[in-house]
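Protein chains: 2
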Amino acid sequence: MASVQDICVSAAINLLSALAFLLAFAFLRLQPINDRVYFPKWYKKGIRASPRSSGPSVKKFVNLDFRTYLKFWTWMPAALRMPEPELIDHAGLDSAVYIRIYLLGLKIFVPITILAFAVLVPVNWTGSTLDDVKDLTFSDIDKLSISNVPSGSLRFVAHIAMAYVFTFWTCYTLYKEYKIITNKRLQFLASESRRPDQFTVLVRNVPPDPDESVSEHVEHFFCVNHPNDYLMHQIVYNANKLAKLVEKKKSLHNWLTYYQTRYERNPKQRPRTKTGFCGLWGTSVDAIDYYTAEIDKIVEEEAAERERVISDPKAIVPAAFVSFKSRWGAAVCAQTQQSSNPTIWLTEWAPEPRDVYWDNLAIPYVELAVKRLLIAVATFFLTFFFMIPIAIVQSLASIEGIEKVLPFLKPLIETEKVKSVVQGFLPGIALKIFLLLLPTILMTMSKIEGLVSLSSLDRRSAAKYHLFVLVNVFFGSIITGAAFEQLKSFLNQSPSDIQESFQLTTLTIPKTVGVAIPLKATFFITYIMVDGWAGIAAEILRLVPLVLFHLKNAFLVKTEQDREQAMDPGCINFASSEPRIQLYFLLGLVYSVVTPLILPFIIIFFAFSYVIFRHQIINVYDQKYESGAAFWPDVHRRVLIGLVISQLLLLGLLSTKNAAQSTPLLLVLPVLTIWFYRFCKERFESAFVKFPLQDTMVKDTLERATEPNLNLKAYLQDAYVHPVFKSIEIERAPAFDEEENNPLVSTKRSSRRSSKPASGGVTPEPV
Amino acid sequence: MASVQDICVSAAINLLSALAFLLAFAFLRLQPINDRVYFPKWYKKGIRASPRSSGPSVKKFVNLDFRTYLKFWTWMPAALRMPEPELIDHAGLDSAVYIRIYLLGLKIFVPITILAFAVLVPVNWTGSTLDDVKDLTFSDIDKLSISNVPSGSLRFVAHIAMAYVFTFWTCYTLYKEYKIITNKRLQFLASESRRPDQFTVLVRNVPPDPDESVSEHVEHFFCVNHPNDYLMHQIVYNANKLAKLVEKKKSLHNWLTYYQTRYERNPKQRPRTKTGFCGLWGTSVDAIDYYTAEIDKIVEEEAAERERVISDPKAIVPAAFVSFKSRWGAAVCAQTQQSSNPTIWLTEWAPEPRDVYWDNLAIPYVELAVKRLLIAVATFFLTFFFMIPIAIVQSLASIEGIEKVLPFLKPLIETEKVKSVVQGFLPGIALKIFLLLLPTILMTMSKIEGLVSLSSLDRRSAAKYHLFVLVNVFFGSIITGAAFEQLKSFLNQSPSDIQESFQLTTLTIPKTVGVAIPLKATFFITYIMVDGWAGIAAEILRLVPLVLFHLKNAFLVKTEQDREQAMDPGCINFASSEPRIQLYFLLGLVYSVVTPLILPFIIIFFAFSYVIFRHQIINVYDQKYESGAAFWPDVHRRVLIGLVISQLLLLGLLSTKNAAQSTPLLLVLPVLTIWFYRFCKERFESAFVKFPLQDTMVKDTLERATEPNLNLKAYLQDAYVHPVFKSIEIERAPAFDEEENNPLVSTKRSSRRSSKPASGGVTPEPV
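Heads up: the protein sequence lines correspond to chains G and Y, in order. If you're matching positions, the first sequence starts at 1 in full-length UniProt numbering and goes up one per residue. If you're matching positions, the second sequence starts at 1 in full-length UniProt numbering and goes up one per residue.
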């Protein structure tokens with residue numbers, strides 16, 4: 001058990017490391033050479049140009065203007081200054097709403113903290129149970145927690161009342177936030193300019209027809225069933241193989257550039273490479289000739305494959321993008337059922353062209369159902385039993401395991417020093433690798449489920465990750481202290497023991513966990529400081545993109561366009577970062593009544609993250625798609641899941657404190673919360689999944705009045721073509737160009753492009 | 001514990017009473033005087049006419065043709081003879097699918113019974129645990145059950161394998177049945193002739209507008225947002241008060257007729273009545289004059305109210321029936337969201353005119369959400385704590401209670417004989433009354449929830465009743481032997497004891513129930529015979545309608561039309577009878593592995609009910625509405641709930657038999673079952689809730705081709721007018737007339753009307 005002093009030390013360490021990260025960031029971002037790492041969003045938009053073009057050569061790489069170093073903290077107010085409507089214009093609604101999650105955390109927890117410190121802390125402090133116990137397992141922190149209140153005391157009335165107040169406050173804030181975000185989404189959708197997906201519906205599971213091709217079948221079906229609105233359709237080619245060839249060509253191109261750069265720098269010796277795996281073995285050949293020949297070969301192959309895909313009817317998948325004459329027609333088709341057989345002619349609103357996940361468009365219905373079952377079972381096992389394979393790997397990675405598999409290493413690892421390193425380090429590394437790979441594993445699982453847009457893939461992965469965090473980080477930590485101890489001890493038991501202890505655990509979870517909660521407060525405080533403070537500060541430093549950019553810059557970049565591509569702005573990693581925020585909501589809600597001392601730490605996390613991510617979405621991140629905050633219902637639901645968990649745990653805790661008569665009173669809370677969830681779902685969710693006809697009608701009418709001669713067919717002609725068929729601008733999907741001519745992103749600042757960078761100076765604070 | 005002999009005696013008694021009912025039915029139905037009680041459906045359709053019109057007068061009342069008595073059983077094959085397509089034409093899809101539930105029971109349980117008797121009975125019989133025990137608590141029947149297999153025996157492999165086989169067979173049958181019924185529904189909808197609800201959408205929560213009336217607002221909104229399809233709309237008046245006046249007038253008319261009849265029979269003395277409550281006190285007046293005056297008064301009142309409703313804008317509720325030019329337009333409007341605010345302009349497919357529940361059309365959105373929460377909580381308390389108020393009433397209804405409230409009765413009830421009757425009879429009567437009232441209570445609760453059609457009210461009440469039966473009849477009986485013992489014992493405990501024993505019960509339900517199941521087999525066998533055999537046989541006798549018809553006939557009937565109205569054909573009471581069938585499914589599935597001996601009794605129930613209800617829907621019932629088997633998804637879900645319960649109970653049972661290693665094997669079953677449920681839901685359910693555009697388009701095109709000059713507006717003009725505004729034919733809703741000109745009901749037999757009854761003979765077997 002940590003004392004107050006321990007916590008202070010830990011806080012100091014973490015604060016210092018966070019400060020170090022921030023100082024490093026403040027220094028690095030002022031160097032012109034790193035400009036493209038810390039302000040890539042402005043480059044992508046063309047508002048900021050390379051500082052290389054003018055000025056003395058040293059200034060190109062290092063910032064010598066020392067006055068700017070004194071103002072190293074200015075990015076913080078700068079990040080906060082941009083008003084929200086402009087932020088939505090600049091970074092999109094997804095990003096703007098994402099940082100509102102942090103703001104929501106502040107809105108919920110600041111009043112709760114004040115109330116908890118005003119009411120609960122005095123009540124707990126004067127409870128004085130622990131003064132009598134004089135036990136080593138209790139620390140000063142526990143004196144501020146509910147543990148200090150004697151069993152069966154009337155003081156619990158305060159805790160129950162506060163549980164009610166906190167529940168109502170949380171629900172009220174969530175309701176207001178849901179309302180605001182719904183309005184923002186509707187405004188955003190209403191103000192958007194013309195986009196192909198507004199007119200288009202994705203049709204899947206087109207039934208096979210013996211007499212007609214997929215294209216004819218689709219055309220006939222929609223001509224008959226939507227006679228007034230049908231405009232055209234685009235068939236989907238199965239171009240997965242072609243996409244792989246294109247990818248390979250790109251990599252070969254990179255190697256060729258690399259060797260050409262080497263040859264230019266050292267013209268005396270032509271670089272050589274080996275033909276085998278990764279250039280490590282095989283016959284040695286001239287590298288430039290070799291890669292030139294390889295590229296020629298693959299260009300031919302690609303042309304043949306391209307020919308095959310276009311001409312072979314088997315390369316056409318039974319899905320199509322069907323476009324309508326009006327947004328109204330598309331809205332009708334997307335929301336209605338076409339055929340009496342609900343497994344064919346499935347229509348849904350088409351994702352944005354750049355949001356389409358092309359690989360999954362062709363999965364038949366029954367296969368999809370089976371895949372979903374398998375993934376559901378796999379998710380269950382991954383969540384609850386992931387320690388088993390890791391334990392096996394760990395046992396292999398022990399000293400004995402290594403000696404068995406690689407006996408020649410025996411003398412080396414038997415050395416005392418090496419041995420201690422192996423023993424201390426190896427068992428942990430398997431777990432670390434697993435946790436690093438986890439988001440990728442979850443994303444792969446979501447892809448197997450057959451979702452057709454990147455945004456829905458992100459949302460589905462986030463749901464899986466949330467379950468994992470909930471079970472393994474939260475409950476794992478609470479029940480066993482360290483997240484994985486419990487499962488490890490299971491592994492040492494006989495099967496029947498496992499079953500019994502498992503049954504015992506599940507039957508008594510509320511009580512067991514209720515007792516354990518107050519004891520784990522210090523553990524979670526430390527966790528918040530490590531993961532939430534220092535971890536978030538590391539985010540802004542962008543160490544990995546920084547290194548990669550300079551490596552690419554040294555070996556691959558030749559033209560200004562290459563440099564453009566060498567930038568890796570990254571994007572908000574919704575699938576793994578949102579579930580992490582949810583953990584903080586959960587911790588805050590659970591401990592608000594039990595150990596209010598944890599709340600200030602959570603508030604600092606939310607405030608700090610808000611500033612940092614606001615800076616990042618303004619200056620760095622470049623989102624891959626824009627879903628119009630479609631993820632919000634998930635966020636809302638998960639906060640409420642956290643609230644219900646906190647209510648049930650409080651119920652379990654109080655029933656062990658001889659306050660069982662409070663059970664009915666506390667049971668009311670989850671019932672009300674679940675009802676509130678359903679109420680909000682009915683009230684707001686449709687704005688995120690459905691498309692009101694009234695709004696489409698307004699936009700259609702407006703457009704017909706302002707642009708009576710619009711040729712919609714020409715506009716939509718190539719919108720939904722697989723990216724590999726846009727042969728020349730292979731890296732930029734059509735909607736990307738769309739985006740650029742879009743008022744959504746052309747902010748007021750576009751005029752600066754010609755003025756500021758031309759003055760030769762660096763503009764570290766563009767906001 | 002009942003022995004085989006006890007069961008045989010009980011079976012004999014119940015078989016005899018069932019036989020007595022059937023014989024009474026066979027006798028009574030042959031009497032011409034009862035013809036309208038036992039064949040009302042044919043009268044309603046006008047295919048059968050009163051036998052009074054011709055023949056000798058005795059023959060009008062009593063059937064003297066003794067040969068017909070010898071063929072008293074012929075109704076059974078007659079009931080089975082009508083082929084299903086004709087049955088659907090004759091009685092509607094709802095009824096035809098309802099009796100298919102019994103058929104489904106046969107399809108599931110006949111093969112299961114054969115397999116269980118071939119495999120499990122020998123395995124159990126030779127288990128011979130009970131031979132050694134020689135305990136009085138076990139009977140011969142238990143020798144056939146799983147109780148006879150020793151703990152930890154390998155024989156349980158047979159039971160687990162059978163659990164798998166039964167699960168797969170049940171799912172397979174359910175899948176096939178769902179598919180058949182979906183096809184039947186689609187065929188039925190496709191073959192239906194033109195009906196107003198095909199073109200009409202019910203719009204609720206029309207937002208208030210300061211400048212426009214509801215009618216104008218609706219017209220403008222749909223003219224703008226459905227410009228090609230909107231045809232017209234009908235506003236809804238709040239005519240609940242007017243409907244009450246009309247109802248009262250009808251009752252006064254009945255009294256007038258009654259006194260007039262009395263006067264005609266005894267012209268010497270004019271009948272007199274008292275003006276007070278129910279004619280029991282008050283001043284005595286001439287009855288005919290009094291009621292004539294009363295009717296005049298109410299006719300005036302009604303006219304004034306009718307005037308007020310039509311002219312007062314406040315009498316218009318914010319809802320409307322909006323009709324479209326095509327079925328396609330209506331399908332689009334019903335399936336899409338109209339406004340970005342999902343709480344206004346709510347559209348759903350309009351129910352049939354006669355299916356509309358008019359009182360609920362005006363409830364605003366938030367009120368609805370609160371009401372639903374309250375009803376959910378009320379349902380919970382009704383289901384789990386209904387014994388508390390009944391116990392209070394019971395304690396009041398005891399000897400002491402009566403003596404306290406009505407002391408003057410003391411000498412009477414202190415008599416020994418009266419006392420024993422009171423003690424034996426009164427406590428039970430409160431419970432009996434409650435159980436009789438339960439369907440009405442549940443229906444009232446469903447009405448409060450704000451559903452707008454009678455069919456959905458029936459479905460919602462059935463869901464509540466199912467929960468009640470599941471908790472109180474099934475689990476109640478199993479846990480405590482008699483359904484209500486447990487709750488009674490709760491009432492005698494202190495509050496904290498209750499809580500503890502409640503927690504204990506909930507934590508160990510699977511085990512407790514698992515142990516109790518085999519012991520309750522004989523109880524359920526008796527239950528099946530009383531409720532399922534004799535109870536169903538009583539259904540066909542129609543004792544209550546028989547008595548009521550003859551009473552009405554004696555006092556109220558003057559004209560042929562009065563006689564028409566005196567008939568009470570009744571209808572399938574879906575809300576309470578479907579959950580009762582589900583109990584048999586549940587019992588069959590639970591005991592199929594545990595005590596297969598119960599299965600033959602269930603098979604007899606299903607077969608017997610099938611024949612009887614087939615007879616009833618052909619000859620008696622007159623459905624109030626036709627929902628096209630919209631209830632099937634509920635039936636399907638509840639059978640699967642029963643299946644999952646049976647799997648969990650088997651799991652609990654085996655874990656007490658030292659066969660815990662079977663737990664993972666058995667856990668697979670509920671997972672698969674739930675997945676199967678979701679699969680079926682996605683695959684079929686949309687046919688019951690959505691309206692495919694393709695089908696509507698086909699019907700529209702066909703209609704346009706066959707009837708190019710159809711005046712749809714005139715056709716729909718008065719379709720959705722509140723029944724009280726159809727002043728003259730007050731008892732017949734418009735759709736009723738519709739129905740009569742409908743090929744749906746005019747069967748081949750319509751030609752017989754003129755031939756057979758005109759011959760003067762009785763036609764007891766119309767089929």
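FYI, nobody ran anything at the bench for these hints, they're computed from the structure. Possibly wrong hints are sitting among the right ones.
Repeated chains share a single entry, so a pair holds when one copy, or any two copies, can fit it.
[To be verified] Derived lysine to any residue pairs resembling SDA-like cross-links, with alpha carbons at most 25 Å apart: (1) K419 <-> A516; (2) K184 <-> I392; (3) K681 <-> S456; (4) K325 <-> I344; (5) K417 <-> A630; (6) K690 <-> E348; (7) K410 <-> G570; (8) K371 <-> P664; (9) K179 <-> L346; (10) K681 <-> A362; (11) K681 <-> E348; (12) K268 <-> V165.
Bear in mind that the values here come from a model prediction, so they are computed numbers and not experimental data.
Against the structure, the hints:
In this assembly of identical chains, K419 and A516 lie within 25 Å of each other by CA distance neither inside one copy nor across copies; the values are 36 Å within and 59 Å between. Proximity of K184 to I392 under the C-alpha cut-off of 25 Å is found in neither arrangement, the shortest distances being 50 Å within a copy and 56 Å between copies. Both within a single protomer and between protomers do K681 and S456 lie at most 25 Å apart by alpha-carbon distance, with minima of 18 Å and 22 Å respectively. Within a single copy, K325 and I344 get their C-alpha atoms as close as 23 Å, which meets the 25 Å cut-off; across copies the closest is 27 Å, which misses it.
Taking the shortest alpha-carbon separations for K417 and A630, neither the intra-copy value of 54 Å nor the inter-copy value of 75 Å comes in at or below 25 Å. Proximity of K690 and E348 under a CA criterion of 25 Å is satisfied in both settings, with 10 Å inside one chain copy and 15 Å between copies. Neither within a single protomer nor between protomers do K410 and G570 lie at most 25 Å apart by alpha-carbon distance, with minima of 44 Å and 90 Å respectively. Within a single copy, K371 and P664 get their C-alpha atoms only as close as 42 Å, which misses the 25 Å cut-off; across copies the closest is 21 Å, which meets it.
Taking the shortest Cα distances, K179 and L346 sit within 25 Å of each other only across copies (19 Å), while inside one copy they are farther apart (31 Å). When the C-alpha separation of K681 and A362 is checked against a cutoff of 25 Å, the pair qualifies only between copies, where the shortest distance is 22 Å, while the shortest distance within a copy is 31 Å. Taking the shortest Cα distances, K681 and E348 sit within 25 Å of each other both inside one copy (20 Å) and across copies (19 Å). In this homomeric assembly, K268 and V165 never come within 25 Å of each other (Cα to Cα): the closest approach is 78 Å inside a single copy and 79 Å across copies.
Of the hints listed earlier, those the structure fails to meet are numbers 1, 2, 5, 7 and 12, in rising order.
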